[in-house]
Amino acid sequence: MFRLSQNGVRLSSKSLHYPEIMRDKRTEPVSLEELAAEADDAYVFTDEEDENE
Amino acid sequence: MSRLTDLADVLRAAGVPVVEVEGWQTRGRGGDGGQYQAGRPNHVMVHHTAGAQGASAASEVNYMVNVSDVAPVTNLYIARDKDDAAVWICAAGPTNTNGKGSAPWDPATKNDDMNRMAIGIEIGNNGVGEPYGAKQQETLIAACAALCEAYSIPVDHVRSHAEYAPGRKIDPAGPSQWAASGTWPMEAFRATIADATGSPAPETPDRIKAEAGDGGWSLMRKLGIDPTDDKAARDFYDKNFVVYQEVWIYRP
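From first to last, the protein sequence lines are chains A and B. Just so you know, we're using numbering that gives the first Met the number 0 here: the first sequence kicks off at 0 and counts up by one. Just so you know, we're using numbering that gives the first Met the number 0 here: the second sequence kicks off at 0 and counts up by one.
These are computed hints drawn from the structure, not numbers from a lab. Watch out, some of these pointers could steer you wrong.
[Said to hold, decoys possible] Quick list of the computed label-pair ranges, beta carbon to beta carbon:
hint	chain 1	residue 1	chain 2	residue 2	range
1	A	41	B	25	27 to 33 Å
2	B	229	A	47	43 to 49 Å
3	A	30	B	31	23 to 29 Å
4	B	238	A	33	34 to 40 Å
5	B	227	A	41	54 to 60 Å
6	A	35	B	8	36 to 42 Å
7	A	41	B	198	42 to 48 Å
[Said to hold, decoys possible] In silico negatives: residues of chain B with every beta carbon more than 12 Å from chain A:
hint	residue
8	0
9	38
10	41
11	49
12	51
13	103
14	104
15	105
16	128
17	130
18	150
19	156
20	168
21	223
[Unchecked claim] To give a feel for the contact side, a few chain B residues facing chain A, derived at Cβ under 8 Å:
hint	residue
22	1
23	4
24	18
25	21
26	25
27	48
28	50
29	54
30	60
31	65
Note that this is a predicted model, so its numbers are computed, not measured. Don't be surprised by glycine CBs; every beta carbon is placed ideally from N, CA and C.
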């Protein structure tokens, strides 16, 4: 039997629910200084792209 | 020319937690004055950051806004559950999210031009096995649906980095409701977004691919092919599908 079970395509038809956690917790913007202070200096981001036009 | 200065309102109205990054309203990539041209954005592009597993939202957003030489790297960032699965708004103008690639589903988009066409979303995930959080996925769905509705973006234009740059990019990838592992099958993802928006799923080749979700049996039967016939089934797949990242991809 030719195996078709490798097919990774799946459909989700479940209803969406937005739980209570999804509420805005902050109303003041995060400053760039605050971001830098909280960031891990060792963090490495790898989804980098060139600035192509 | 415009910027999406109502992004925070759009996303809050969708019920998702929002964190605004200082200056987002005027932030955009170089060229076009950091603004979208008329009729744009007309795509939502979905990515994972490929940062370290469990990285903090502050670390990832700081890189994409403050550190990267090509900042801003994204419009929106979706944090892990430990950071409340919030949407961080980084930029209201076009961003350097997509790089080089092509959009065969949209002849109006020139090669390598997606940065100017799209709202970029980076999901916090290492992309090599880190499970996506349940709340994080709900936020992603709600955000994509809200963006499609607010900016009249067709669900068929919700695309992945892997679709735009196949062979070079795999994102988004990893355990989620759409995939046990590897690159997400985006037709299934788009079906979820269509559900959330209340619009019908796109009637495109991808829709046919979605219908092949049972391994292609229903599609073969629809086409008069006996799926229990090994040779017929193999011929059908050889002719119509390619395998990429362990996922059958419909080849129109």
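> Among the hints numbered above, which are violated by the structure, and what are their numbers in rising order?
Replying inline: Per hint list: 4, 6, 11, 12, 20, 22, 23 and 26 violated.
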